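Engineer: Here is how the chains run, residue by residue.
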Amino acid sequence: MQVSFSAAEIAAIVQPTASRGATTRVIRGLAALADAAPGDLSFLGNAKYKPEVARTRASIVLLPADYAGEPPADQLYLLVANPSVALARICARLEQALWPRPVPGVHPSAVVAPGAQIAASATVGPLCVIEAGAVIGERAQLQAQVFVGRGAIIGEGSWLMPGVIVEAECVLGRRVRLQPGVVVGADGFGYEFVQGRHEKVPQVGHVEIGDDVEIGANTTLDRARFSRTAVGEGTKIDNLVQIAHNVRVGRHCLICAQVGISGSTVLEDYVVLGGQAGIGGHITIGKGAKAGGRAGITTDVSAGAFVNGNPAIPYMLERRIAVLTQRLPDLFKRVDAIADQLGLAKKSSS
Amino acid sequence: MQVSFSAAEIAAIVQPTASRGATTRVIRGLAALADAAPGDLSFLGNAKYKPEVARTRASIVLLPADYAGEPPADQLYLLVANPSVALARICARLEQALWPRPVPGVHPSAVVAPGAQIAASATVGPLCVIEAGAVIGERAQLQAQVFVGRGAIIGEGSWLMPGVIVEAECVLGRRVRLQPGVVVGADGFGYEFVQGRHEKVPQVGHVEIGDDVEIGANTTLDRARFSRTAVGEGTKIDNLVQIAHNVRVGRHCLICAQVGISGSTVLEDYVVLGGQAGIGGHITIGKGAKAGGRAGITTDVSAGAFVNGNPAIPYMLERRIAVLTQRLPDLFKRVDAIADQLGLAKKSSS
Amino acid sequence: MQVSFSAAEIAAIVQPTASRGATTRVIRGLAALADAAPGDLSFLGNAKYKPEVARTRASIVLLPADYAGEPPADQLYLLVANPSVALARICARLEQALWPRPVPGVHPSAVVAPGAQIAASATVGPLCVIEAGAVIGERAQLQAQVFVGRGAIIGEGSWLMPGVIVEAECVLGRRVRLQPGVVVGADGFGYEFVQGRHEKVPQVGHVEIGDDVEIGANTTLDRARFSRTAVGEGTKIDNLVQIAHNVRVGRHCLICAQVGISGSTVLEDYVVLGGQAGIGGHITIGKGAKAGGRAGITTDVSAGAFVNGNPAIPYMLERRIAVLTQRLPDLFKRVDAIADQLGLAKKSSS
Chain A
64 MQVSFSAAEI AAIVQPTASR GATTRVIRGL AALADAAPGD LSFLGNAKYK PEVARTRASI
124 VLLPADYAGE PPADQLYLLV ANPSVALARI CARLEQALWP RPVPGVHPSA VVAPGAQIAA
184 SATVGPLCVI EAGAVIGERA QLQAQVFVGR GAIIGEGSWL MPGVIVEAEC VLGRRVRLQP
244 GVVVGADGFG YEFVQGRHEK VPQVGHVEIG DDVEIGANTT LDRARFSRTA VGEGTKIDNL
304 VQIAHNVRVG RHCLICAQVG ISGSTVLEDY VVLGGQAGIG GHITIGKGAK AGGRAGITTD
364 VSAGAFVNGN PAIPYMLERR IAVLTQRLPD LFKRVDAIAD QLGLAKKSSS
Chain B
64 MQVSFSAAEI AAIVQPTASR GATTRVIRGL AALADAAPGD LSFLGNAKYK PEVARTRASI
124 VLLPADYAGE PPADQLYLLV ANPSVALARI CARLEQALWP RPVPGVHPSA VVAPGAQIAA
184 SATVGPLCVI EAGAVIGERA QLQAQVFVGR GAIIGEGSWL MPGVIVEAEC VLGRRVRLQP
244 GVVVGADGFG YEFVQGRHEK VPQVGHVEIG DDVEIGANTT LDRARFSRTA VGEGTKIDNL
304 VQIAHNVRVG RHCLICAQVG ISGSTVLEDY VVLGGQAGIG GHITIGKGAK AGGRAGITTD
364 VSAGAFVNGN PAIPYMLERR IAVLTQRLPD LFKRVDAIAD QLGLAKKSSS
Chain C
64 MQVSFSAAEI AAIVQPTASR GATTRVIRGL AALADAAPGD LSFLGNAKYK PEVARTRASI
124 VLLPADYAGE PPADQLYLLV ANPSVALARI CARLEQALWP RPVPGVHPSA VVAPGAQIAA
184 SATVGPLCVI EAGAVIGERA QLQAQVFVGR GAIIGEGSWL MPGVIVEAEC VLGRRVRLQP
244 GVVVGADGFG YEFVQGRHEK VPQVGHVEIG DDVEIGANTT LDRARFSRTA VGEGTKIDNL
304 VQIAHNVRVG RHCLICAQVG ISGSTVLEDY VVLGGQAGIG GHITIGKGAK AGGRAGITTD
364 VSAGAFVNGN PAIPYMLERR IAVLTQRLPD LFKRVDAIAD QLGLAKKSSS
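Residue numbers (this note's numbering), protein chains in the order written: chain A, 64 to 413; chain B, 64 to 413; chain C, 64 to 413.
Treat the hints as calculated values from the structure; they're not laboratory data.
There may be inaccurate statements among the hints.
Here are the simulated lysine-lysine pairs, DSSO-like style, with alpha carbons at most 30 Å apart [said to hold, decoys possible]:
| id | chain 1 | residue 1 | chain 2 | residue 2 |
| --- | --- | --- | --- | --- |
| 1 | A | Lys111 | A | Lys353 |
| 2 | B | Lys111 | A | Lys353 |
| 3 | C | Lys263 | B | Lys396 |
| 4 | A | Lys350 | C | Lys263 |
Predicted, not measured: the structure shown is a model, and the values here were computed from it.
The whole structure should be built from the sequences, with the hints applied where relevant.
Structural biologist: Written as structure tokens, this is what we have:
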């Protein structure tokens, strides 16, 4: 991306409380302190990297207001209340360049069925398919090669990136952002075993996604057996996550990559699940509960709890048991020594 | 979806052995007992929810024949041999509305290479690509944006949902159902390490999928190094599953979401794998064996066995060890106490 | 695929040091020793299968130069230095038939924005979308339904299979091979928690992929928060892998299916990760380190180390602890017996 900011332009964006030094460089990129070259802007977002400030070659460095040092020649320190927030402001400016506002209208290569409703301010990009009865809201964007099935509803300002599939009857709220390859509304995995064969249980519900939800690349959300699979307002889901049929995810949850949630499980609001965690079916995870990465949850989790391990148990207990497990070789030896002293039969400790 | 059934229409579908009460409501939706509102139909599918029957606001409730209570005003009980089966009959009717029979023919936006054979009763939807030599069977449906590669064969009555990719030379049986984003026939992951580089081992086999197989969204099945990767008749595979090259999956297996099966492993018939399980390469899982969710299987599993844990071991043993593992803090303390009593050196138990 | 080789043609390809027997069959397929039928070619690639040679029905068998037996009637043994290498030569010949060299040019159904640069020798297949400013290098192939975003660069000789998505500003080196459904450049998963809501941290970096990298079906690689997510030259990544934002993967690494790598983690060169392994964020995996399948890595790993388990620890220690864990029932009983002998309070061992 073409980045080009003068020192004055950067200062105008971040509004520093003070500055030290100066640079004549044009800023052409952002980089971590250790990676930065002249022409880059960098920042101290984590105190652990403080020693790198003095060595960085960045032309501009965003620093906390209490940072003490002085910059070398042709380097500018901008002191701000929160360097991360200041950086985010610069990034937001860059984001507008990376993703320019699309032009409203339907690309001539898109295939739109009669009876689909597309708002005048919406953008339907090249090679999208929109089936009958679908509704595309105001300022929604279907970037390219997106599929929207019969009767599905895409809320205003939502953004579906390339290759997204929203199957029939599913409903997206406002400002929903689906990264490439997301599948909303595949069939749930339900079969009855009858005379030696798995007979399909029809999956005739749908998926409902609340306002301001973001879903990561190639994540899948299955339609309910009947009624709905739901994701609450403001929840963020990472890549390659599996949400099974009839799951209810609350509001403002964070679900990291490759998590799997089995059928009919309920996540209350503000739940956080670490990467690759797996949740069994028909389980309730209470409000604000957290699970560590790779946790395997097989029973209900209380509101506010922090669980870890497989099967998942309270975090502090899991950590203690993990430590003791690593000390098993020693424990077996000690028991052998005790048995020896008592004249009991010893068993080899390995 | 527009659902609209009178009480008489519902009764005609489920054929109750008896009924109690009555409703004048038109049924507009299906819902669980606790979620149902007037105008919904609900059912008692699991005895655990029996107390909810008396409180449900559903207008019609499907109940087992021996259910004892009486409905309130404007509510109808329909007593049936198996409420789940009765519900499935209603859902099957709804499914026809959700997925109307497609009109045969090739959409003008599809790109069909000369030399591809498409049956007259097949449907090739918008923006599909069919390469030379591919064969699309009678009544097969390629919904939209589907890719079928050179020489691939799609059996009669199969249904490929949007974004499905079937690469060159792969073969699908009859009535195969591929959910959106499935990839059949990507290259297997095979390299030889030669002079500091991974050289690709050509993957020139294909994938064969039997009749009545269903495969979930964004699942991947790799082509064999040579010969074939195979999935047997009637097997059902959930979302985001990885089937590596040369794997042979038997008939009527169930493979839950996010399972990974490494190269050349064999699943005999009727195997069931819980979600996120991982199977090593060159392993045989015997007929009817089961693995719990997140099991890590590194050795052969006998027919009929039920394994769990990582590494996977027999289920009952795994459960017992899991319980004992949680009691390690106590065990360390007891050994400390014994050592103390014997005058042996004690080590801190945490 | 139509395979058709005479015995003389096979011999010309593999250049045997000696041969025994003869066959008049035309070779129509490749198969493992136990599966082969007349008309197939087979090989002994692993000494463990030696007893199967005498029983195989293959018409031609590739064998190591020191193999002692004699073939039956109508079977030909070809003795070679390395049967696997000899087979790979045949497979390479087949690969050319499976994937014929595409004809350069842009398919009329592709949508190419003004300002995209496409080399004259490149192939842009049906229903691809190329946005403004994208650059497609010499001999690159976009097979079908591929998306290349604004300003992205596809290096010479790279091959993007159907449904691949390369988002804006991402850069691919030379001879990169992306299997179907790969997503390069989705947003990283970054939010700040502000007043009860997760506010998006703009993700304005990109993804850089080195020469000769291969990436498996439906794998996802996220763009950096700023700067870049990078995959080094010669690295091979399997299906359904998640590479988070700001990750740096070194050169010549092997990453098996369903691995997840969290944000800002660094893999040095020649790292090997087994299937379904998970790596936490901000971790460094040293050069040549290996992790077993399903390993959960939460701390740095030294160069050359081999770790296993969750949390991952050195492989030999993990194996020893796994064995001792399985012996816990016995240990609890022994401690009970000791306590009994000492007159201490006993606790039930299960």
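Engineer: Each hint needs a verdict: does it hold in this structure or not?
Structural biologist: Hint by hint, here is what the structure shows:
The straight-line distance between the Cα atoms of lysine 111(A) and lysine 353(A) is roughly 26 Å, inside the 30 Å bound, and the hint therefore holds. For the hint pairing lysine 111(B) with lysine 353(A), the CA-to-CA distance comes to about 28 Å; that is within 30 Å, so the pair holds. As the CA atoms of lysine 263(C) and lysine 396(B) are separated by approximately 48 Å, the hinted pair breaks the 30 Å bound. Annotation: proposed proximity of lysine 350(A) to lysine 263(C) holds, straight-line Cα distance about 22 Å (limit 30 Å).
Checked against the numbered hints above, the structure breaks only hint 3 and satisfies the rest.
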